[in-house]
Amino acid sequence: MRTRSAAPRPAAATAVSGPKMEIRGVSKRFVSRRGEVDALATCDVAIAKGEFVTVVGPSGCGKSTLMMIAAGLEEPTTGDVLVDGTPAGPAGPRRSVVFQKFALFPSETVAQNIEFGLRVTGVARAERESRLREQLAIMGLEQFTHAYPHELSGGMQQRVAIARALVVRPEILLMDEPFGALDAQTRSVLQEEVSRLRRVMSYTVLFITHSVEEAVYLGDRIIVMSRRPGRIKKEIAVPRDAAWRGGEIEAANDYADFNAVRREVWELVREEIVRQ
Amino acid sequence: MTSGGATPGPMPRARRVQPAILYGVATLGILLIAWALATSAFALVAPRLLPSPAAVIERAATLITTPFSGATLAGHVVASLQRWLIGVTFAVVLGIPLGVLLAWLPPLRAAVTPAFELLRFIPPFAWVPIAVLWFGASTTTQALVVFIAAFPACVINAQLGVGQVDPILQRAAQVLGAGPLVTLARVVMPVAAPSAFTGVRIAVSNGWMALVGAELIVGKQGLGFLISQGQNNDSVSTIFVGIVAIGLLGALIDLALQKAQARILPWTPAAAGAR
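Residue numbers (the working numbering), protein chains in the order written: chain A, 21 to 296; chain B, 149 to 423.
Next up, chain A with everything else stripped away, as it sits in the complex (with noise of 0.2 Å):
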C-alpha cells in the first residue's frame, strides 16, 4: 500500500499518456447578501484514465461543489478543469453525473429517462433502443421499464439515474453522494454492483462521499478533504488487487488491510470535524 501526501504530486499512476481530468488550482468563493464564504480552498486533482478516485469529508467541507465544477456546472472562482489537457467546458455528457436525489425526470418513464441524453443528442432510433436494452439488462431493471419514477423504490430509482448516466458512454462519470439518500441496505447492494460494474467496464469514476467505508470500498484513491474551506489535506492510494474488491462491503470489514485504511481515513475526519 501506498500513501502519500498530496504535494508535491507527480503523476506516477498517468505517467504515459497524463490525466484523463484535471482540476487544476480550483476554488470557490461564494458572494451572497450576507458576505463571502469560501467554501473551496485552491485544490488539484488529477485522474488517471479508468481510475476510481473518491473524495470523503466531513459535511460542508465544499465536496460537492468540486463535483459541480468538476461536472462544468459552476464556474470555478480560480483555476480550471480539463478533460484530456483541454479545457473541459460547459456541462455535457462526456461527464455524466448522478446526483444524490436522482434527478430523474418525472414526466418520462424509465425507459425514457435512460434513453433521454441519446434521443436529445440525436442518437439514431435502432442504437438508441439497442443501447437502452444492454443498459436495462446490466442494471436490472428489465421489468421497469414503463414505470414512471414515483412507482419506484429509491434504490430502483438510483439504478435508473446510473442506467441513464452510462448509457451515454461518458468519458467521466461524476458521482455525488449518489447513496446518500438510500436506507443501509439498499445502499450495501447499490455499493457492491457499482463496485462490480467498475470491475467489468473500468470508467473512469470520480465519487463524492460521507462514508468513509464507502471511500475506501470503492476508491483506488481516497483523497480525504478538511472542513471548510475545503482543501485536499490527503490522497491514500489503495492496491487495485486489494482482497477485498469483488467482494461484499460486509465481508470487507475481514481484511485487516481494509480495516487498517479505513481507521486511518476515518482519523483523518475525525481530526476535521472535532478540530474547533
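Hints in this document: simulated from the structure, not taken from any laboratory. The reader is advised that the hints may include incorrect statements.
[Said to hold, decoys possible] Quick list of the computed label-pair ranges, beta carbon to beta carbon: (1) A:105 with B:263: 50 to 56 Å; (2) A:106 with B:408: 48 to 54 Å; (3) B:254 with A:170: 26 to 32 Å; (4) A:170 with B:176: 30 to 36 Å; (5) B:258 with A:109: 29 to 35 Å; (6) B:329 with A:64: 34 to 40 Å; (7) A:106 with B:259: 37 to 43 Å; (8) A:219 with B:402: 52 to 58 Å; (9) B:242 with A:105: 51 to 57 Å; (10) B:170 with A:271: 51 to 57 Å.
Glycine included, each C-beta is placed from N, C-alpha and C at the ideal position.
Here the structure of chain A is known, so what remains is to put chain B in place on it, guided by the hints.
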C-alpha cells in the same frame, strides 16, 4: 373503460365502489330528503319561498320541452356553455404560455408582474359596464367577463409550476446534452403541468361562476338570464332549476377535467389515484 386511442392504455381495473363515494352519495341523499321533508311532507316553508324537489323537477321538465324567455332549458345551457368555452379557451391558450414565460424570463417577469398584480384584483364584474359599452350585450361581452375571471389562475399556476421545478432536473438535462429549449419542453413543462392543470381547473370554475353573474346583469339567454327571468316572473321553481343546472354542470365539467388529467398526465400520483 374503453380506450379509443391508438396506444394501449393502462389495464382496466375492476371497479369497486369506494366507501368514500358511498358517503358522498349518502350526504347528497340526506340533503335531498331534508329538502323534501321541509317542503312537501311537513310544509315548513312556503312554496313561494322554497319549492319542493318535485316542483323543481316538474318545472325542469316543462322548461326542457317548452321555451321560456326565448329558449328551452337546453338552449339556455348551450348559450352559457358557448360563452364560457370561448372565454376559458382564450384564458388557457394565452394564460399558460404567459405564466411559463414569466417564470422562465426574469426580465419579462419584472416588466409584467406589477401591471398583472394590479389588474387581477379588479373583480370580473367591475368590467361588465365597460364590456357592454364596448361590445354591447353580446356573446363577446360575456366571454370577456369569463376570460377576465379565468385568466389569472392560468397565469399564476403555470408560473408557480415552472418556478417550483427542482433546478437539479435542469442540471441533469444539461449534463445529458439538452439545450435550454429542449429542457424547457421535455423536462420543465411536463413537471410544471400538474400545477398548470390545477390552474385550468380553477380557471374553469372561476369562469363558470363569473359567467352566471354576468348573465344575471346582462344578456338575453343563458342560465343566469333564466334565473333573473324566474325572479321577474315570480317563479321560484324556475330560479331553482337554474341553480341546480348551474351546480350540476359545474361539477360535471370539473369531473371531466379530473378524468382528463389521468389521461393527459399519467405520471402524476394524483392522476393515478383518480384513474
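Quiz item: Against the structure shown, which of the earlier numbered hints fail to hold, in ascending order?
Solution: none
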